[in-house]
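Kindly generate the complete structure, drawing on both the sequences and the hints.
The listed protein sequences derive, respectively, from chains B and X. So the first sequence is numbered by this note's numbering: it starts at 83 and just counts up by one. So the second sequence is numbered by this note's numbering: it starts at -17 and just counts up by one.
It is worth saying that the hints were derived from the structure and are not from the lab. Treat the hints with caution; some may be incorrect.
[What the hints assert, rightly or not] Pairwise CB distance ranges (calculated):
| no. | chain 1 | residue 1 | chain 2 | residue 2 | range |
| --- | --- | --- | --- | --- | --- |
| 1 | B | E222 | X | R413 | 42 to 50 Å |
| 2 | B | E307 | X | S494 | 33 to 41 Å |
| 3 | X | T417 | B | I333 | 45 to 53 Å |
| 4 | B | V157 | X | L400 | 27 to 35 Å |
| 5 | B | I333 | X | N334 | 43 to 51 Å |
| 6 | X | L238 | B | E222 | 38 to 46 Å |
| 7 | X | G275 | B | V157 | 31 to 39 Å |
| 8 | B | V157 | X | E579 | 39 to 47 Å |
| 9 | B | K274 | X | E579 | 40 to 48 Å |
| 10 | X | K282 | B | E222 | 37 to 45 Å |
| 11 | B | E295 | X | E579 | 42 to 50 Å |
| 12 | X | S494 | B | G156 | 41 to 49 Å |
| 13 | B | E222 | X | K340 | 31 to 39 Å |
[To be verified] Covered, in the sense of this in silico footprint (three residues per stretch, anywhere, with C-beta under 8 Å from a C-beta of chain B), are these stretches of chain X:
| no. | region |
| --- | --- |
| 14 | 328 to 342 |
| 15 | 479 to 486 |
| 16 | 500 to 506 |
Predicted model only: the values in this text are computed from it and were never measured. Just so it is clear, CB atoms sit at the ideal spot from N, CA and C, and this is done for glycine as well.
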Amino acid sequence: MSTEAANTNRADMIVCENVDKWYGDFQALKDVSATIAEQEVVVVLGPSGSGKSTLIRCINRLEAHQQGTIIVDGVELTNDLRNIEKIRSEVGMVFQQFNLFPHLSVIDNVTLAPKWVRKMPKAAAEKKAEELLEMVGIPEQAEKYPGQLSGGQQQRVAIARALAMEPRIMLFDEPTSALDPEMIKEVLDVMKDLAHGGMTMMVVTHEMGFAREVADRIIFMESGEIVEVGTPEHFFTNPTEDRTKLFLSQIL
Amino acid sequence: MSEMTSIKTGKRPEEVSRSPSEWIRQNLFSNIPNTILTIIFGIFTLYAIRGILGFVLSGERRWEAVATNMRLLMAQGYPANQFVRVWFTLGCLMVLTGLSLAIWSGKGRLSVKKISNWVMSTGLGLAVFAALAPISASSRLGWVIAGALLIAGGLGLWQRAKNKTTETLHTIPTVPFSFGFLGILVLSLWVVPFGHYAFTNGELVAETGRTVAMSTKLPFTVMWLLLVGTYCLTNLVRESLPIAQAKACLVGLWLLSPFILNWIVLRDPDFDYGHIVSTDIPLAALFIFVGGGILFMLAKPSLGEIGRLTAIALLIFGVFNWVAAFFGWYPMLQKVRISFVLLALAALIAPNFAADRKTRLKFVTGWAILILISHWLITAVNSPSTLELQGPTYLGGFSLTLFVAILTLLLSFPLGVLLALGRTSSMPIARVLCTGYIESIRGVPLITILFFFSNILPLFLPQGMEIAELAAIVTGYTLFSAAYLAENVRGGLQSVMRGQYEAADAIGLTTSQRTGFIVLPQALRVSIPPLVGQAIGVFKETSLVAIIGAYDILRIANNVVPAQTEFLGVKREGLLLVSVIYFIVAFSMSKYSQRLEERVGLGER
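Shown next, in the form of structure tokens:
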């Protein structure tokens, strides 16, 4: 289905044009422009400190960019609170450190936003949450607290929590970097299922296997700039830029 | 080998329970330094106990001074013909307690071993008492026998508990056990000759061989029956009750009970019904219907930015009314000013209820209840009391201490949380105002604030606005304590990780939802120890209200009782009793906070 869709002309979900972002005097993003189409899976690669996390955190305005435009699902990100709230309810995000709410049970973590942001009735929200927990493979943990789960389970709950808002876009900020090796696969499997289901995804990761297998396109960043963009075949077998080659030689 | 199997089956090895003699050997006499320490500390303890017992039981002590004045110490100067109001208040609290215990179904169980430990410790205490107290040989023997019996009973219990294997036999439910224990205490009032002391027509009556007066033991028995009766009755019908609603109702009743019992029952306000019909009821109706209508409109989902702007405009108007009243620019009833502020706050949270018609109607109903209760209370506070009083306040003694402490804590807690949020918020005006408030209050002694509110404040208030003495005390004390609570809460707020804010933002929660559901619950959990410390402080420092003329329990023990002709200069007994009472309350709060910490630690592991 994904390949079939890839051939048709799809709408742009995320458009970044000439985005600049500074932390004090340090420029974290330099003139970044990128476009992500509906149902596309884009993996952002790059050495640490290259601005890849900053870029996806700008897309749901956890960080504010200073210059350029970011348009998500047709809505431009400005300081207008309503736009930000609208975009955040359309964009799900999964963090490196899971960031589950430790004082709420798993089911409450998942149902909180649908109940209060989408105003969904409690029963419907819980039914939806149970389906999502089933999908990520941990239906039996619903009544537990995050502290009682393993890292991999926590990250899957975090994915379910983001999905509960029925987002049109999912952002993943190094979702497997804080996990023990044996738990990485269970999280990546869930992400693969999502990608095959047609979700628009932007993933910052160091998992080259995932990038090669799932990504439609790969964006390579260094020092706040986009160095190279291309399909996985192109990127892993025939990169054009020297900096990309250097990076690949260091990690592969 | 046995360890291997136990790992395979996943069964935890049984913990070996130690007998008391083994425990003593392992913990007190394990090696030479430990033995020396035990002996030195033991001698010191015995010496101290002997000193205290000598003081307490000395022939010079006049404990009848305390026994006679018990009513004075608990509820100073409350008119004797109206005293039934005090018992009614206590009765209401008993009924609420019984209801709560049944509804929350206290499933806690006490282990029999723990109880046997308590019994043995009591027996040991009696034996030590018998050995050290300066009493006659015959009564010494009596106490020794009682102590020995208790120790034997405790040991028997302990042995029985050791042999039982199932959980149900190991433990007994806490609630009935506590009821039984309280029952024994109440029963003792009827059978043990504590002595009957009273002032009858100004004459001291002291009958040592009797049980306590009927006016003491009968109400206490009724209180016990109310507690146990409510518990049992509620348990019977518990299955058919809507538990979630019952819990919400009970929490509401608990929060309201101090206000209602204090200002309506104990104070017995003399309502001016003409004024109520002509002014108060129309005002309340106006706020309920017009205010409710505005709120219903503001909770419209499609409203957007206009809602926020209206709420802010209302808030500015509400605050401005207070400034205007302070300078006397235009007259407005205090009640109306309070209502406008409430309306503004409700308007601010209105977007959270922007959903279907049912949710919005619920929101408006909540508003109507809030207005009804607040208007009723404001009217009650500002109506003169019918009681004929000797002192400046209708409460005195321990009841004053308790009421000031409870009301102050109830009111200053939300205020403190708001101040802490304001101080950490990103809005510069809120931050500056809250920081300024906290720092200026913390720079002023409590006594100054109490003086200010009881003496100077009435001069600033517009004419015709009364502020009851007790309301002045509680207001001042609340404003003071809120500043300190705010700093404790701020500590908790700083401990909440940045990732929690980001996660809440990322799932689309608004700022107020993020604060209420994510940040505050975690921050308050961390702040429990300092918050309880502050609460204990608030409770103990209520003794400062004596300085502005109120009669709290300490002042009565220190100044009033020693001034009676019968007990001229008898001070130490009362002070000892007061310290014991303060200790019991403060220690219970401390214990409760420990249990609370254990309970909320659940999610963290």
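> Looking back at the hints listed earlier, which ones does the structure fail to meet?
Replying inline: 12
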